[in-house]
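Just need the whole structure built from these sequences, with the hints factored in.
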Amino acid sequence: MHISPPPPPPLLLPLEDSTLINHHHQNNSTHNSTLNSTLNSTHNLTHELLIASLAIQRASLLTKRVLQTLTSNNNPSPSPTTYPSTPVTGHPFFPSTTTCLNPSYDPSSRRLSIAKPDASPVTIADFASQALLISTIHHHFPSDTFIGEEDSSSLRHNPDLCSQVFDLVSTTYLSDPAAEALLGPRPGSIPEMLGLIDLGCGRGTRGKRCWSMDPIDGTSAFLKGEQYAVSLALLDGEGRELMGLLGCPNLGIGVVVGGGRIEESEVDREGWGVMLSAVRGEGCALVRSMGKAGLNKVVKRINRRKGKQREIRTEELHFVDSRVSCATDSGMVEQLARRAGAGRTGERTEIYSSHMRYAAMVLGGREFVQVRFPKRPKGEAAPWCVWDHAGSQLIYTESGAGKVTDLEGRPIDFGTGRKLTNNWGLITADESVHGKMLELAGEVLKEAGR
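For reference, each letter of the sequence shown is one residue, going 27 to 476 in the numbering used here.
Don't read these hints as lab results, they were simulated from the structure.
One should not assume that every hint holds.
[Claimed, not checked] Computed list of lysine to aspartate or glutamate pairs in EDC-like fashion (alpha-carbon distance at most 20 Å, straight line):
{"no.": "1", "residue 1": "234", "residue 2": "292"}
{"no.": "2", "residue 1": "472", "residue 2": "337"}
{"no.": "3", "residue 1": "401", "residue 2": "342"}
{"no.": "4", "residue 1": "234", "residue 2": "262"}
{"no.": "5", "residue 1": "326", "residue 2": "308"}
{"no.": "6", "residue 1": "472", "residue 2": "414"}
{"no.": "7", "residue 1": "445", "residue 2": "434"}
{"no.": "8", "residue 1": "445", "residue 2": "473"}
{"no.": "9", "residue 1": "334", "residue 2": "457"}
{"no.": "10", "residue 1": "234", "residue 2": "439"}
{"no.": "11", "residue 1": "404", "residue 2": "465"}
{"no.": "12", "residue 1": "429", "residue 2": "439"}
{"no.": "13", "residue 1": "250", "residue 2": "186"}
{"no.": "14", "residue 1": "445", "residue 2": "262"}
{"no.": "15", "residue 1": "462", "residue 2": "308"}
{"no.": "16", "residue 1": "250", "residue 2": "206"}
{"no.": "17", "residue 1": "445", "residue 2": "177"}
{"no.": "18", "residue 1": "429", "residue 2": "414"}
{"no.": "19", "residue 1": "323", "residue 2": "414"}
{"no.": "20", "residue 1": "404", "residue 2": "457"}
{"no.": "21", "residue 1": "472", "residue 2": "406"}
{"no.": "22", "residue 1": "462", "residue 2": "292"}
{"no.": "23", "residue 1": "250", "residue 2": "170"}
{"no.": "24", "residue 1": "404", "residue 2": "337"}
{"no.": "25", "residue 1": "401", "residue 2": "414"}
{"no.": "26", "residue 1": "234", "residue 2": "206"}
{"no.": "27", "residue 1": "429", "residue 2": "457"}
{"no.": "28", "residue 1": "323", "residue 2": "457"}
{"no.": "29", "residue 1": "401", "residue 2": "376"}
{"no.": "30", "residue 1": "472", "residue 2": "355"}
{"no.": "31", "residue 1": "462", "residue 2": "337"}
{"no.": "32", "residue 1": "445", "residue 2": "465"}
[Unchecked claim] Estimated spans, in silico, between C-beta atoms of each pair:
{"no.": "33", "residue 1": "332", "residue 2": "283", "range": "10 to 20 Å"}
{"no.": "34", "residue 1": "352", "residue 2": "307", "range": "27 to 37 Å"}
{"no.": "35", "residue 1": "461", "residue 2": "264", "range": "34 to 44 Å"}
All C-beta atoms in this analysis are idealised placements derived from N, C-alpha and C, irrespective of residue type, glycine included.
So, in structure tokens, the structure goes:
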């Protein structure tokens with residue numbers, strides 16, 4: 027499979043402007059001055075940030091489309107723009123099959139998910155989201171590599187599921203034609219779509235830029251209509267995060283503007299959610315509402331480093347956790363919280379999605395912390411996946427919310443391939459209290475004989 031390199035990128039308006047594209051109705055000298063200023067402020071990653079932001083928005087739109095079919099059949103929200111159907115004849119994988127791209131596609135009457143070998147679910151939205159994300163990024167940055175959670179093996183053995191995914195990929199558009207055109211061509215056939223999905227099977231080798239993605243983080247929560255995320259991160263050749271983007275389709279903008287807490291079951295059923303993003307070295311996290319067209323204006327810049335910062339006391343800590351996670355030991359988190367003298371259990375935040383836990387800490391404040399103890403001892407525990415953490419950690423640190431290390435105080439190394447083999451466990455906490463959290467975690471581990 028080969029996708030032709032894109033033409034030189036068009037002149038782009040600042041990311042805060044939802045118009046996005048130069049329509050030749052403005053003064054060129056003024057526009058060029060704005061463009062150069064934006065390029066300098068984002069360390070020449072302006073084009074990457076714009077394309078990735080639009081890609082996240084469209085993928086989030088796709089997931090919301092499936093979710094609304096599941097949860098709002100009786101009173102659906104406005105559906106995304108769809109385009110006329112186009113017949114696609116047989117192909118090498120399913121030579122007797124003919125697929126029609128149906129603009130009124132309704133997945134409610136068809137099977138939406140299957141089980142992975144580890145028994146976790148994967149849905150048609152997971153596959154379709156990854157296909158759209160990679161299609162756009164590969165078109166604009168053909169030399170970059172990818173690490174994605176999904177692969178196409180299940181689809182190649184399930185023609186019906188594969189056709190559903192292709193229908194979704196082919197009929198989900200941004201309603202702004204200019205923004206949609208900027209994303210580039212989408213896969214025109216099922217074989218091309220499968221090939222794009224499998225570009226995410228890369229090893230993430232050092233020495234080359236790599237995009238890490240989780241097309242739906244928290245699929246179990248997604249299927250229940252709870253909080254989930256679409257994540258995308260750009261890593262440099264040393265495995266360092268350059269850029270992080272997080273689409274939170276069920277998160278209401280009121281939580282962001284009002285300074286509220288993210289709750290698992292308090293979801294935005296009418297809107298299209300919120301996007302968080304950050305670029306390395308910028309010193310802030312950007313928050314904007316998502317829609318069906320171009321990018322909306324930034325509604326909030328989070329920079330908790332501003333002004334004089336007081337030290338956080340351990341008894342003030344607000345723990346973000348997931349008791350239903352099969353990978354970590356929440357009992358040990360409870361022990362640590364008691365040692366810290368922090369609040370009542372009922373005051374903590376419980377969120378299943380890994381990336382949404384980072385979002386809860388970014389939006390919640392400096393007293394929000396997360397400690398993750400692997401259930402199995404070091405050396406026996408399976409390493410965690412890069413795509414469950416990359417990008418969101420950058421958003422967290424750039425926002426000034428705190429510092430991220432493993433349980434041994436080492437920074438997280440995203441340059442080890444698909445798994446975080448150089449790290450064990452996780453602590454995210456304000457810098458003023460991170461050292462104390464590391465000390466308390468060591469005490470809990472020692473008491474447990476680990």
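Here is what the structure says about each hint:
1. 234 x 292: 40 Å, violated
2. 472 x 337: 27 Å, violated
3. 401 x 342: Violated, at roughly 26 Å.
4. 234 x 262: This hinted pair holds, its Cα atoms lying about 6 Å apart.
5. 326 x 308: Holds - the C-alpha atoms of residue 308 and residue 326 are around 14 Å apart, at most 20 Å.
6. 472 x 414: Answer violated: residue 472 to residue 414 is near 27 Å, above 20 Å.
7. 445 x 434: Judged against 20 Å, a Cα distance of about 17 Å means the pair holds.
8. 445 x 473: 28 Å, violated
9. 334 x 457: Measuring from Cα to Cα gives roughly 14 Å; hence the hint holds.
10. 234 x 439: 15 Å, holds
11. 404 x 465: Cα-Cα ~17 Å, so holds.
12. 429 x 439: 14 Å, holds
13. 250 x 186: With Cα atoms ~23 Å apart, residue 250 and residue 186 exceed 20 Å; violated.
14. 445 x 262: 16 Å, holds
15. 462 x 308: Violated, at about 27 Å.
16. 250 x 206: 30 Å, violated
17. 445 x 177: 16 Å, holds
18. 429 x 414: The given pair, whose Cα atoms are some 17 Å apart, holds under the 20 Å limit.
19. 323 x 414: 27 Å, violated
20. 404 x 457: 25 Å, violated
21. 472 x 406: Holds, at roughly 17 Å.
22. 462 x 292: 33 Å, violated
23. 250 x 170: Cα-Cα ~35 Å, so violated.
24. 404 x 337: 32 Å, violated
25. 401 x 414: 17 Å, holds
26. 234 x 206: Violated. Residue 234 to residue 206 sits at ~28 Å, over the 20 Å cutoff.
27. 429 x 457: 6 Å, holds
28. 323 x 457: Cα-Cα ~31 Å, so violated.
29. 401 x 376: Answer holds: residue 401 to residue 376 is near 18 Å, not above 20 Å.
30. 472 x 355: 15 Å, holds
31. 462 x 337: 12 Å, holds
32. 445 x 465: Violated, at about 26 Å.
33. 332 x 283: 10 to 20 Å: With a Cβ separation near 18 Å, residue 332 and residue 283 satisfy 10 to 20 Å, so the hint holds.
34. 352 x 307: 27 to 37 Å: 36 Å, holds
35. 461 x 264: 34 to 44 Å: Given range 34 to 44 Å: violated, Cβ gap about 26 Å.
Hints 1, 2, 3, 6, 8, 13, 15, 16, 19, 20, 22, 23, 24, 26, 28, 32 and 35, counting from the list given before, are not met by this structure.
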